[in-house]
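> Taking the hints into account, I'd like the entire structure generated from these sequences.
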Amino acid sequence: MSRKPTWKKSEAKPVAEAIAAELAKAFNIPAPAVSVPDHRDPTDWAWCFDTVEVWTKAGRAECSLDISATFAHLYFRFDDPARASRDLFYGFDCGGRLNRHSGKWNSWEAPPASLTFWAEEVASDFRRVAEPNPPAEEVAAYRAKEAERRARWVEWMQQEGVA
Numbered sequence: 253m254s255r256k257p258t259w260k261k262s263e264a265k266p267v268a269e270a271i272a273a274e275l276a277k278a279f280n281i282p283a284p285a286v287s288v289p290d291h292r293d294p295t296d297w298a299w300c301f302d303t304v305e306v307w308t309k310a311g312r313a314e315c316s317l318d319i320s321a322t323f324a325h326l327y328f329r330f331d332d333p334a335r336a337s338r339d340l341f342y343g344f345d346c347g348g349r350l351n352r353h354s355g356k357w358n359s360w361e362a363p364p365a366s367l368t369f370w371a372e373e374v375a376s377d378f379r380r381v382a383e384p385n386p387p388a389e390e391v392a393a394y395r396a397k398e399a400e401r402r403a404r405w406v407e408w409m410q411q412e413g414v415a
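Plus 252 on top of the position in the sequence shown (first one is 1) and you've got our numbering.
Treat the hints loosely; a few may be bogus.
Said to hold, decoys possible - The calculated label-pair distances, taken between Cβ atoms and stated as ranges, are: (1) ALA334 to SER287: 30 to 36 Å; (2) TYR327 to GLU398: 18 to 24 Å; (3) GLU314 to ARG404: 16 to 22 Å; (4) GLU389 to MET409: 27 to 33 Å; (5) GLU314 to GLU407: 21 to 27 Å.
As the list claims (entries may be wrong) - With a straight-line Cα cutoff of 30 Å, these simulated BS3-like cross-link-like pairs (lysine-lysine) come out: (6) LYS309 to LYS356; (7) LYS397 to LYS277; (8) LYS265 to LYS277; (9) LYS260 to LYS277.
Since the hints were derived computationally from the structure, they do not count as laboratory data. Ideal placement from N, C-alpha and C gives every residue a C-beta, glycine not left out.
This is how it looks when you write it as structure tokens:
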């Protein structure tokens, strides 16, 4: 019986760090810290970084990464799926990775494929969608909208007696 193909923890870490560095470079943000979360079973490792905010040519998005022995996953979600579809992927197949309803644009890989090749594809994707210097008025409008949404949530929680 053959064993399931896996990546080594030692080969996955530099790939995760390279993706974090490419994310920082493309989106002009601090590189997210790559780590193995403490809550995992030591035999079930995964290099990851927590969800970070990035600004794209189609507005705000969020991104996170998880690379384990058997699966590598980059989670990327645009806040405005219609804008991402129209401004970034119009006329592109995008490999079927963009969900035009939820804004999720995932990339994943599994052994025995090359993690290094996957990381190069991800870096190319970052360069294609990144907006390293987003318009200040767009960022401010987003922040104001989010503050209003949070305030409504707190108000609702207080009315319900939860908070």
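> Hint by hint, note whether the structure agrees.
Do the hints match the structure? See the list:
Separation of ALA334 from SER287 is about 35 Å and conforms to the stated range, judged on CB atoms against 30 to 36 Å. Roughly 20 Å separates the CB atoms of TYR327 and GLU398, a value that falls within the hinted 18 to 24 Å. The given range of 16 to 22 Å is respected by GLU314 and ARG404, whose C-beta atoms sit roughly 21 Å from each other. In this structure, GLU389 and MET409 meet the distance hint of 27 to 33 Å, their C-beta atoms being roughly 31 Å apart.
A C-beta distance of roughly 25 Å is found between GLU314 and GLU407, which places it inside the suggested range of 21 to 27 Å. As the CA atoms of LYS309 and LYS356 are separated by approximately 15 Å, the hinted pair is consistent with the 30 Å bound. Taking the CA atoms of LYS397 and LYS277, the gap is near 27 Å; set against the 30 Å cutoff, the hint holds. For the proposed pair LYS265 and LYS277, the alpha carbon gap of about 18 Å is at most 30 Å, so the pair holds.
Simply put, LYS260 and LYS277 have alpha-carbon atoms about 26 Å apart, close enough for the 30 Å limit, and the pair holds.
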